[in-house]
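Could you build all of it, start to finish, from the sequences and the hints given here?
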Amino acid sequence: MSYISVGVSPTGNVSAYHGSSLKVVFDRRVRIAELVLRCVICGFGVLAAILIGSDSQVKEILTVKNKAKFTEMKALVFLVIANGLAAAYSMVQGMRCVVSMVRGKVLFNKPLAWAIFSGDQLMAYMTVASAAAAIQSAVVAEFGESEMGWMKLCDIYGKFCNQIGEGIAVTLIASLSMVALSGLSAFSLFRLYGGNRGKSNL
Numbered sequence: 221m222s223y224i225s226v227g228v229s230p231t232g233n234v235s236a237y238h239g240s241s242l243k244v245v246f247d248r249r250v251r252i253a254e255l256v257l258r259c260v261i262c263g264f265g266v267l268a269a270i271l272i273g274s275d276s277q278v279k280e281i282l283t284v285k286n287k288a289k290f291t292e293m294k295a296l297v298f299l300v301i302a303n304g305l306a307a308a309y310s311m312v313q314g315m316r317c318v319v320s321m322v323r324g325k326v327l328f329n330k331p332l333a334w335a336i337f338s339g340d341q342l343m344a345y346m347t348v349a350s351a352a353a354a355i356q357s358a359v360v361a362e363f364g365e366s367e368m369g370w371m372k373l374c375d376i377y378g379k380f381c382n383q384i385g386e387g388i389a390v391t392l393i394a395s396l397s398m399v400a401l402s403g404l405s406a407f408s409l410f411r412l413y414g415g416n417r418g419k420s421n422l
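The numbering used here puts the last residue of the sequence shown at 422; the count rises by one with no breaks.
Since the hints were derived computationally from the structure, they do not count as laboratory data.
Each residue gets a CB set at the ideal place from its N, CA and C atoms; glycine is no exception.
Worth double-checking, as some hints may not be accurate.
Taking lysine-lysine pairs in the DSS-like style, the calculated list, with each CA pair at most 27 Å apart, reads [as the list claims (entries may be wrong)]:
no., residue 1, residue 2
1, K372, K294
2, K287, K372
3, K330, K243
4, K289, K379
5, K287, K379
6, K279, K289
7, K379, K279
8, K379, K285
9, K379, K294
10, K372, K285
11, K289, K372
Computed Cβ-Cβ distance ranges for the label pairs, DEER-style [to be verified]:
no., residue 1, residue 2, range
12, S338, G378, 33 to 43 Å
13, K287, K243, 56 to 66 Å
14, I252, K289, 16 to 26 Å
15, R248, S274, 37 to 47 Å
16, V278, V319, 39 to 49 Å
What follows is the structure in structure tokens.
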């Protein structure tokens, strides 16, 4: 895609280029959208990790005290790790966005664009996979599995399940934001190649 249109000056012999200001405004809006998404992912990732990682509940069953905690379910451990990694990654990339906006630079480095695109894709797949695994485990804990002899744990550990549900809901917001961000980074990458095609046609 080319953001520059060619016209003719009033004298008739000099080419005039228009649309550069529109390109600057568009690039700035893309950077702002990227920064907002990364802040959302960082904030909600940290919140989800705290909600799930700090969740526990003790119940006394037949004079025996049992403590429910997230480490007893591998899906929840994966979810906490995925949220932590996504939050840390988004914080680093968010700082890069801020520096880029302050300096007024636009991403024209293709290797860097590929690295950002690959990182965003990896984080998107990881957060979506962790959310899906946690949802599956939550459904089993809520409704049980009679064929496997698994009881409804949420009937016993209600508070624990409620907080886990809140953490999963927050994770879904972070995951959807990560998917949207990966699409934005794909656009930012491939428009570099589109810009080259446009310049070659001028």
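| field | Indices of hints not satisfied (ascending) | value | Result: hint 14 breaks, nothing else.
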